[in-house]
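Work from the hints to combine the two standalone chains into their complex.
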Amino acid sequence: MKVLVTVAEVGTVEDDFEIDGTAIDERYLEYDLNEWDDYAVEEAVQLVEEGLADEVVTVTIGPERSEETIRMALAKGADRSVRVWDDSFDGLLDVGVKTELLRAVVAEEEPDLILTGVQTGDAMFGATGVSLASAVDLPWAAVVNDLEFDGETAHVHRELEGGVEELTDVETPAVLTIQTGINEPRYASLRGIRQAQSKEIAVKTLTDLGIDGVESRLEMTEMYEPDVEGDATVFEGSAEETAVQLAGALREKGVGAQ
Amino acid sequence: MTGVLAIAEHRRGELRDVSYELIGAGRELADDLDEELHVAVISGQVGEFAQSLSKEGVDVVHTVSDGAEFNHDVYTQVTERLADELDPTVVLVPNSVNGLDYGPAVADRLDRPLVTDVVDASFEDGLTATREMYGSKVETTVEVDAERTVVMVRGGEWPGASGNGDPEIREVDVEIDESAVRTTVTGFEEVGGGDVDIGDAEVLVSVGRGIGEAENIELIEELADALDATLSASRPIVDSGWLPKNRQVGQSGKTVTPEVYIAIGISGAVQHVAGMKGSETIVAINTDPNAPIFDIADYGIVDDLFDVVPALIDEFEG
Numbered sequence: 001m002k003v004l005v006t007v008a009e010v011g012t013v014e015d016d017f018e019i020d021g022t023a024i025d026e027r028y029l030e031y032d033l034n035e036w037d038d039y040a041v042e043e044a045v046q047l048v049e050e051g052l053a054d055e056v057v058t059v060t061i062g063p064e065r066s067e068e069t070i071r072m073a074l075a076k077g078a079d080r081s082v083r084v085w086d087d088s089f090d091g092l093l094d095v096g097v098k099t100e101l102l103r104a105v106v107a108e109e110e111p112d113l114i115l116t117g118v119q120t121g122d123a124m125f126g127a128t129g130v131s132l133a134s135a136v137d138l139p140w141a142a143v144v145n146d147l148e149f150d151g152e153t154a155h156v157h158r159e160l161e162g163g164v165e166e167l168t169d170v171e172t173p174a175v176l177t178i179q180t181g182i183n184e185p186r187y188a189s190l191r192g193i194r195q196a197q198s199k200e201i202a203v204k205t206l207t208d209l210g211i212d213g214v215e216s217r218l219e220m221t222e223m224y225e226p227d228v229e230g231d232a233t234v235f236e237g238s239a240e241e242t243a244v245q246l247a248g249a250l251r252e253k254g255v256g257a258q
Numbered sequence: 001m002t003g004v005l006a007i008a009e010h011r012r013g014e015l016r017d018v019s020y021e022l023i024g025a026g027r028e029l030a031d032d033l034d035e036e037l038h039v040a041v042i043s044g045q046v047g048e049f050a051q052s053l054s055k056e057g058v059d060v061v062h063t064v065s066d067g068a069e070f071n072h073d074v075y076t077q078v079t080e081r082l083a084d085e086l087d088p089t090v091v092l093v094p095n096s097v098n099g100l101d102y103g104p105a106v107a108d109r110l111d112r113p114l115v116t117d118v119v120d121a122s123f124e125d126g127l128t129a130t131r132e133m134y135g136s137k138v139e140t141t142v143e144v145d146a147e148r149t150v151v152m153v154r155g156g157e158w159p160g161a162s163g164n165g166d167p168e169i170r171e172v173d174v175e176i177d178e179s180a181v182r183t184t185v186t187g188f189e190e191v192g193g194g195d196v197d198i199g200d201a202e203v204l205v206s207v208g209r210g211i212g213e214a215e216n217i218e219l220i221e222e223l224a225d226a227l228d229a230t231l232s233a234s235r236p237i238v239d240s241g242w243l244p245k246n247r248q249v250g251q252s253g254k255t256v257t258p259e260v261y262i263a264i265g266i267s268g269a270v271q272h273v274a275g276m277k278g279s280e281t282i283v284a285i286n287t288d289p290n291a292p293i294f295d296i297a298d299y300g301i302v303d304d305l306f307d308v309v310p311a312l313i314d315e316f317e318g
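Line by line, the protein sequences give chains A and B.
Each residue of the first sequence is one higher than the last, beginning at 1 in my numbering.
Each residue of the second sequence is one higher than the last, beginning at 1 in my numbering.
If you're looking for bench data, these hints aren't it; they were derived computationally from the structure.
Be a bit skeptical, because a hint or two may be false.
Distance ranges between label pairs, derived from CB positions [stated by the list, open to error]:
#1 A:Glu26 to B:Pro159: 35 to 45 Å
#2 A:Glu14 to B:Pro310: 20 to 30 Å
#3 B:Ala68 to A:Glu240: 54 to 64 Å
#4 B:Gln271 to A:Asp169: 25 to 35 Å
#5 B:Gln271 to A:Tyr31: 18 to 28 Å
#6 B:Thr141 to A:Ser238: 35 to 45 Å
#7 B:Pro310 to A:Glu26: 33 to 43 Å
#8 A:Gln245 to B:Glu190: 35 to 45 Å
#9 A:Val214 to B:Ala180: 21 to 31 Å
#10 A:Glu55 to B:Asp314: 48 to 58 Å
Derived pair list, reagent style DSSO-like, types lysine-lysine, alpha-carbon separation capped at 30 Å [what the hints assert, rightly or not]:
#11 B:Lys245 to B:Lys277
#12 B:Lys245 to A:Lys253
#13 A:Lys2 to A:Lys204
#14 A:Lys2 to A:Lys199
#15 A:Lys253 to B:Lys277
This structure is a prediction, so every number in the text was calculated from the model and none was measured.
Ideal placement from N, C-alpha and C gives every residue a C-beta, glycine not left out.
Here chain B stands alone, though its shape is the one from the complex (with noise of 0.2 Å):
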């Protein structure tokens, strides 16, 4: 019996960071149980992938070659069928949207629980995880009832593996059910450009969904004409219509890394945190001091932001 399988993810050729931070995931989890830790790589390049993911307490990387990207329902039958194979305590799967596009249906054909978005995570006499909820303002530990389960890892929560090791790898023909494939990746589209790159950006003053009504923007505005900077937003801002994708901070939108960062009425979800947790200086503005914001941030205003941002508008003009 395998202990851990890990299921890699890749894009456009490269291999994504959570690939390596599934592996640390997955030793952690391995040692736990005593057991064996398999890595899978599925599409693409598989054997070049393989030479990467032979990170030291890897014990097999196994590679499946069908398809040149990712698609859904080959990821899905082929974890299923190694599923079913090796048996293992755990089957891992990046909590990203790729993962989040099979991972519920590997559960679901295995008839095994499934926790997602997993922070932290042991096995003791069964498996203990840690999630967030409510928009990270909890935290919570979940017991599975279940001897095998489908856990989905958090991007960025542990560290990605990194010494070189030397696992058996093991070419593996999984025969593709081509009638189950009933969707077609037909290409891919870069979004935002535009005017501004805000990733190039000294000085971002960044703007969230505490701005309340899209007239705000310009109080917004001006502090950012007023220090010399450019305008961002995070996600809610830009699914309003009132700034475009291109001033996206996020996950789903750009990862920045300026001089400085200046957050306000942003409160920190997980998402937006991923683009820009790489600034130098972070400096939040936001009325709840619990803000997640605030636990990256470097400096901080626990008030009204439409009573600090006129005053530090006269500090810069004035």
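Only chain A is shown next, with the shape it has when bound in the complex (with noise of 0.2 Å):
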């Protein structure tokens, strides 16, 4: 059995921060593997590890920078990549444009069960996976947080709000969206980042996916602060200071009174 794990580098930002244009400064980005792959990349490989799977092969959307992310990934336990990438990606790529971009790398790779993270940590659309098993006709179930599977059935727990969680059987081939918590992601281990410098990274551009042009219906337009609507009195001065005065704070309200 084959697992296709999408793999996105997002960007993290530092507490302090400037905009330039629509885009966060560059001097104030860090890239890093998207947290939710890092669990769906573990279960895949735990997967491997339990005999159910074969191979772990990673989809990554990304410029040739990301391959760094990539190798952590591989790593972790991947065996190979692809990677795709045109020059003409600028902006914001929409959810159907990435659809389009993973279609065409399932039709390649004809996986038997596709798993992504539930949402990225800088663009936070969260719609990709369920996207890409509508388009390529595929059960899916999203937002999981426990699986097993018995070979064909995939008997998932999906992580509702509130403390509740779905019970949900789904057939496979599937797509799922792994959500934080299902496992314990690996950190790599030395041997793993050795091999890795050795696994395959495929690039593809859209010639070679046999796609024509991209377009993203979505533009993004500003970028800005959030105003900050707050109006709490902050505590200022030395730990020592603050903290006398958020007891004061705290007695008045009735704490730690015995």
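Spelled out as structure tokens, the structure:
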């Protein structure tokens, strides 16, 4: 059984940052493996370790820079990777575009199971997995935080709001979007990192995938820091001084009264 | 042509708040378009739901009675069918866990662009939406270059519709293609339980990612003891296995309304805030002055928790 995992490289922002046009200024961004995808990779690698899967392939839509992140997924146990990029991509790639690109990769790879993170930490769209499932006509389940796979059917828990989980059976091949907390993602071992250097990252252009061109139907026209509506009393001074002030406020609310 | 088609959400026999918020958002967009607002309710006790959804500003409620509970294959088929028939400019879906389980499929089938997690929207020449990015650190304006869209609305951003209206109620018979229903809901499970119910606590000391390491939780436990409070946590702490699931506050955990909620090293992601914003007094301790938690806090300290918390323990124990 082949498992395809979508892996995104996301920008993470420091506490203080500046905005340059419609993007965070590069100086304040660091790039990392998307948190949700880390759990998806771990779930796939565990399926191999349990003898249920034979191969884990990752697919990333990203520029050359993202190969560092892809190597991280390879170091954690993925077997090989596909990276899709075209220099014509700029700005916001909408869900439809990502779906079209990933659909072409799915057609080539013909995986038995596709795992995606629930969302990315930067754009936070949360939609690619289900959109892809629809486009390739596979069953799916979104926001999965428990997976038991018997070889044919995926028995999953979907994490709903308010501490309720829905138990759902999904026929495979299928697409599952993976929620954080489903497992404990491993750290890449030194051996894994070494091995990752020799694993394949196949780079695909639009032409390779037989796609004429793509056009995002969404355009980001503004980015700004949200207005802070808060009217919090912020205590100032040393830690000892602020602790005294806060303790006073808490005591007024009856906290700590025996 | 219909201006807006909004799909209501219910679970285990009850309409969820976001259904009424969708009516609020839907009416605004329908006014921009000078067209009608249609609401659809799918599965379960649709007759009763339709009565509840008959709010001011709603023109038509469509009821489709297939199935008892949410099934994304049924919702996808029904929504697609209604959209084909009504040709709405905007299909509105809640940005809930279930919304995310069928909204993107509807957009794909209808070949419409999709905008998710929308906190504000208007329609002039086209749809303009406001979204957040980077864990709510920035807001963005997104313009859609298409005549028709699917928009997913974040809960809690629009006031829920309240006044009663008198919409037309249409029972709709949609023939479901059963061969395309490939998922089966087998039940529900409450998570948590266990030793402590954080929902009962009057004072909660809640710890987040800022704590860094599992062993540092002990420091927060000490503070909770000193304040005679109950210990709770945000999602990353529970995901890491540092505290059990029954301690989790937030959209996917427990909704709490204590008299005092002390958020330590918690930035205040929207999913967390959804579970604790009803607290009477909110205190935030965080190094990042721009952390969204300060937007809803009553008292704040911008400092390293490892300096402030021991000093606070001394204050109460000293």
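Hints versus structure:
no.	hint	in the structure
1	A:Glu26 to B:Pro159: 35 to 45 Å	39 Å, holds
2	A:Glu14 to B:Pro310: 20 to 30 Å	26 Å, holds
3	B:Ala68 to A:Glu240: 54 to 64 Å	59 Å, holds
4	B:Gln271 to A:Asp169: 25 to 35 Å	27 Å, holds
5	B:Gln271 to A:Tyr31: 18 to 28 Å	24 Å, holds
6	B:Thr141 to A:Ser238: 35 to 45 Å	41 Å, holds
7	B:Pro310 to A:Glu26: 33 to 43 Å	38 Å, holds
8	A:Gln245 to B:Glu190: 35 to 45 Å	40 Å, holds
9	A:Val214 to B:Ala180: 21 to 31 Å	27 Å, holds
10	A:Glu55 to B:Asp314: 48 to 58 Å	57 Å, holds
11	B:Lys245 to B:Lys277	20 Å, holds
12	B:Lys245 to A:Lys253	28 Å, holds
13	A:Lys2 to A:Lys204	20 Å, holds
14	A:Lys2 to A:Lys199	17 Å, holds
15	A:Lys253 to B:Lys277	18 Å, holds
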